[in-house]
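Take these sequences, add in the hints, and give me the full structure.
Chains A and B supply the protein sequences, listed in that same order.
Heads up, the first sequence is in my numbering, so the first residue is 291 and it goes up one at a time.
Heads up, the second sequence is in my numbering, so the first residue is 66 and it goes up one at a time.
To be clear, the hints were calculated from the coordinates, so they are not data collected in a lab.
Check the hints yourself; a few may be wrong.
[Stated by the list, open to error] Below, a list of computed lysine-lysine pairs in the DSS-like style, where the Cα atoms sit at most 25 Å apart:
no.	chain 1	residue 1	chain 2	residue 2
1	A	K398	B	K245
2	B	K140	B	K151
3	B	K226	A	K328
4	A	K459	B	K140
5	A	K394	B	K245
6	A	K659	A	K508
7	A	K561	B	K140
8	A	K398	A	K561
9	A	K659	A	K613
10	A	K435	A	K328
11	B	K96	B	K140
12	A	K394	A	K362
13	A	K613	A	K656
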Amino acid sequence: MQLYDMPDARGHFGQYGGTFVAETLVEALEELRVMYEKYRHDPVFLAEYAYDLKHFVGRPSPIYHAKRLSDKVGGAQIYLKREDLNHTGAHKINNTIGQALLAKRMGKPRVIAETGAGQHGVATATIAARLGLECVVYMGSEDVKRQAPNVFRMKLLGATVVPVESGSKTLKDALNEAMRDWVTNVHNTFYIIGTVAGPHPYPMMVRDFQAIIGIEAKQQMHEMVGHQPEAVVACVGGGSNAMGIFYPYIDVPNVRLIGVEAAGLGMETGKHAAPLTANSAVGVLHGNRTYLMQDADGNIIETHSISAGLDYPGVGPEHAWLKDIKRAEYVAVTDDEAMAAFHNLCRTEGIIPALESSHALAYAEKLAKTMSKDKIILVNLSGRGDKDINTVAKLANITL
Amino acid sequence: MSRIKTVFANLKQQGKTALIPYITAGDPHPKFTVSLMHTLVEHGADMIELGVPFSDPMADGPVIQRASERALVHKVGLTAVLDMVKTFRQTDQATPIILMGYANPIEAVGAVAFADKAKAADVDGVITVDYPPEECGSFVKELQDRGIDPVFLLSPTTDAKRVELIVKQASGFVYYVSLKGVTGAANLDIVEVASRVASIREQTNLPVGVGFGIRDAATAKATAAIADAVVVGSRMVLAIEGSNEANLLSNVANLMTELKTAVDAA
Chain A
291 MQLYDMPDAR GHFGQYGGTF VAETLVEALE ELRVMYEKYR HDPVFLAEYA YDLKHFVGRP
351 SPIYHAKRLS DKVGGAQIYL KREDLNHTGA HKINNTIGQA LLAKRMGKPR VIAETGAGQH
411 GVATATIAAR LGLECVVYMG SEDVKRQAPN VFRMKLLGAT VVPVESGSKT LKDALNEAMR
471 DWVTNVHNTF YIIGTVAGPH PYPMMVRDFQ AIIGIEAKQQ MHEMVGHQPE AVVACVGGGS
531 NAMGIFYPYI DVPNVRLIGV EAAGLGMETG KHAAPLTANS AVGVLHGNRT YLMQDADGNI
591 IETHSISAGL DYPGVGPEHA WLKDIKRAEY VAVTDDEAMA AFHNLCRTEG IIPALESSHA
651 LAYAEKLAKT MSKDKIILVN LSGRGDKDIN TVAKLANITL
Chain B
66 MSRIKTVFAN LKQQGKTALI PYITAGDPHP KFTVSLMHTL VEHGADMIEL GVPFSDPMAD
126 GPVIQRASER ALVHKVGLTA VLDMVKTFRQ TDQATPIILM GYANPIEAVG AVAFADKAKA
186 ADVDGVITVD YPPEECGSFV KELQDRGIDP VFLLSPTTDA KRVELIVKQA SGFVYYVSLK
246 GVTGAANLDI VEVASRVASI REQTNLPVGV GFGIRDAATA KATAAIADAV VVGSRMVLAI
306 EGSNEANLLS NVANLMTELK TAVDAA
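Quick look at the structure:
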C-alpha cells in the first residue's frame with residue numbers, strides 16, 4: 291500500500307494548497323520553510339516541544355468513554371478525546387507552542403497572530419508570555435465585541451489586541467491584517483497562524499504540531515479497547531483540530547474520518563460556513579487554493595455560524611484534498627443541532643463543550659443511532675465551552 | 066508592437082520616464098471610472114493601472130482597501146471592470162491599461178476565459194498580486210498568446226536568483242515594490258531603491274517601474290530619476306477619497322499635473 295505522503299515539496303495537496311502570496315512575502319515563507327524542514331525532525335527541538343506539551347499543557351489529554359451520553363443516544367459508543375482539558379482550554383496551544391519554539395530558534399522576538407473567537411489568540415499570548423516574546427493579536431472588531439472575556443485574557447497575558455475594522459470585521463479580515471503586519475515587520479516577526487490554512491508551509495506545519503492528538507488517540511484506543519474506532523469525528527472551520535486527529539489515521543484502514551462543518555441557519559439558507567459540504571467553487575485566499583465561499587465575481591462572502599471558531603469562508607487545503615480523494619467525509623450541522631448537542635453533553639456527562647466541538651458531537655449523535663452498540667465513534671472534543679457561556683446565555687435571553 | 070512597448074520606446078527617445086497612476090475601478094462610484102481614466106490621460110498619464118476590487122486585498126494598505134470597499138458596495142466585479150475598459154477604448158486606443166488585482170476573481174472566471182475577455186476588452190497588461198511565477202501555471206502563456214503582458218512584482222527581499230526566474234516570465238515591464246510593507250506605507254529610501262533598480266537592470270532589458278511609497282512631487286521626481294516608470298497608487302486614491310462629485314475630476318487633474326511636472330523635471 292502506498293503510504294500517504296502529502297503535501298509535495300511546494301506545499302500542494304493535488305490542486306490545493308500552494309504559496310499564493312505577494313512577492314514581498316515569498317522570502318519570509320522560504321525562510322520559514324527551510325527552518326521548519328531543519329527542525330521538524332530535530333531531536334532537541336522535538337524534545338523541547340514534547341516537554342512543554344507534557345508539563346505546560348498537561349498532555350496526554352485523556353480519552354473518555356461517554357457512557358451516559360451513548361446510552362441516551364442509543365447506538366454506537368461515543369468516546370471523547372479531551373482536548374478541552376488542555377491548558378488554555380482547547381487544542382490550539384499544541385500548535386502555538388510548536389511555532390513559538392520555532393520563532394525563538396529563528397531569533398524573532400515578536401510574534402503575531404489572528405484570532406476569531408479568541409482561543410488561538412489566547413494560546414499565542416500564553417506561549418509568548420511563557421517565552422518572553424512580544425505578542426500582537428489581530429481580531430475583527432465584531433469579534434472583539436462578541437468575545438470580550440478572551441480579549442481581556444490576552445491583555446492579562448501581556449499581549450496587544452488590535453481590533454480590525456476592514457471588510458467584514460471578523461476572522462478572515464484579522465488574517466489579512468496579520469499578513470500585512472508580517473509583510474511590514476518580517477525582519478523581527480514570526481506569524482503564528484492558528485489553523486491548517488495560509489501559504490505553505492503553514493498547513494503542513496500546523497497539521498504536524500496538531501498531529502499529537504491523533505498519535506495519542508491511536509495508542510489510547512489500543513490500550514482502552516484493543517482496537518481503533520469505526521469513525522473519528524471532528525469539527526472543521528479552518529480544520530486544525532480535525533487534521534490533528536485525522537492525520538495519524540489516514541493510513542489506518544476501516545476508520546471513517548468525518549469532518550463536521552457549520553451549517554449555520556441551514557445549508558438551504560446560504561447562511562452557513564460549510565464550503566466543503568456546499569461544494570463551493572475552488573479559489574485562492576490567504577495564500578492557498580481551496581474550496582471557498584464566494585460570489586460569481588470571486589469575492590469572498592460573509593459566513594454564518596453560532597460558533598466564531600467555525601465562521602471562516604475557506605477550509606484548510608488538506609481537507610479539500612481528503613474530500614476529493616474520498617478519504618474523509620464532510621457533513622454539516624446547524625446552529626440548533628449544535629446547541630442541542632451542547633446541552634446534551636452538559637447534562638449527561640458534566641462536560642461543557644465548546645460550541646465548535648458541539649458540532650462534532652451533534653453529528654456523532656446522529657451517526658451513533660445508525661450503528662450497533664459494539665461500535666465506537668471517537669469525537670475530538672477540541673475545546674471547552676467556558677468561553678461560550680455568554681453566547682449561550684444570550685440565546686436563552688439571560689443576562690449574566 | 067504592444068502598446069506598453071510603444072509607450073516605453075517613445076518615452077525613451079524623449080529621455081522621459083512614464084507616469085502610471087493607479088485607481089480602483091468603481092471608486093468612488095462606477096459612473097466616474099471612465100471619466101477619471103480620461104482625466105488621468107489628459108493630465109499626463111502614460112499608462113493606467115486599473116485596480117480590480119477584491120473583498121480581501123491582503124497586500125494593500127488601508128487607503129486602497131477602502132477604495133475596494135467603496136467599489137464593492139456597487140458590486141463592481143471583474144466583468145464590470147472589463148466593460149469599463151471597453152468603454153474607455155471607444156475614445157482612447159493609445160493608452161495602455163494594466164489591470165491590477167488578486168488571483169481569486171480571475172480564478173472565478175477561469176484563466177483561459179479571463180485571458181479571452183481581457184483581450185476582447187483590449188487590456189494591455191495584468192498584474193496579479195498573489196500569483197507568483199511558481200503558482201500561476203499556464204496563466205502567463207495564456208496572456209502572452211493573446212498579446213497581453215504579465216507584469217510581475219519584485220520586492221526588496223527578492224534575491225537575484227528569483228529575479229532571474231521572474232524576468233524570464235515577465236513582459237511589458239517589471240514593477241519594483243520600493244519598500245517592505247503594504248501599499249501606501251511610508252519611508253521610501255531612494256538610495257536603496259536606486260541600487261536595487263540598478264541590479265535589476267543587470268538582469269533584464271525590460272523597463273523597470275517603481276511604486277509603493279510615492280506620495281508627493283518630491284518622491285515622484287526622485288523616483289523618476291532612477292526608474293523607467295513611476296507608479297502612484299495610494300496618493301491618487303486619497304485624492305479621490307477626499308473629493309466630492311463636483312471637484313473629483315479637477316482634484317485628480319491637479320494632482321496629476323503636479324506629479325507630471327515633477328516626473329518630467331527629473
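Hints, one by one, checked against the model:
For the suggested pair K398 (chain A) and K245 (chain B), the alpha carbons sit about 17 Å apart, so the restraint of at most 25 Å is met. Between K140 (chain B) and K151 (chain B), the direct Cα distance comes to roughly 18 Å. Compliance with the 25 Å bound is thereby established for this hinted pair. For the given pair, K226 (chain B) sits about 22 Å from K328 (chain A) by alpha-carbon distance, which is consistent with the 25 Å threshold. Distance hint between K459 (chain A) and K140 (chain B) is fulfilled; the C-alpha atoms sit about 19 Å from each other, no more than 25 Å.
Taking the CA atoms of K394 (chain A) and K245 (chain B), the gap is about 23 Å. The hint holds against a cut of 25 Å. At roughly 24 Å between alpha-carbon atoms, K659 (chain A) and K508 (chain A) fall within 25 Å of each other, so this suggested pair holds. Note on K561 (chain A) and K140 (chain B): the hinted pairing holds, with a Cα-Cα distance of about 20 Å set against a maximum of 25 Å. Among the hinted pairs, K398 (chain A) with K561 (chain A) is inconsistent with the structure: their alpha-carbon atoms are about 40 Å apart, more than 25 Å.
For the suggested pair K659 (chain A) and K613 (chain A), the alpha carbons sit about 24 Å apart, so the restraint of at most 25 Å is met. Distance hint between K435 (chain A) and K328 (chain A) is unfulfilled; the C-alpha atoms sit about 41 Å from each other, more than 25 Å. In summary, the hint linking K96 (chain B) to K140 (chain B) is supported, as the alpha carbons are separated by about 12 Å, within the 25 Å threshold. Between K394 (chain A) and K362 (chain A) the CA atoms are separated by roughly 48 Å; this puts the pair beyond 25 Å, and the hint is violated.
Straight-line distance between C-alpha atoms of K613 (chain A) and K656 (chain A) comes to about 20 Å, which keeps the hinted pair within the 25 Å bound.
Figure legend: structure checked against the earlier numbered hints; hints not met, in rising order: 8, 10 and 12.
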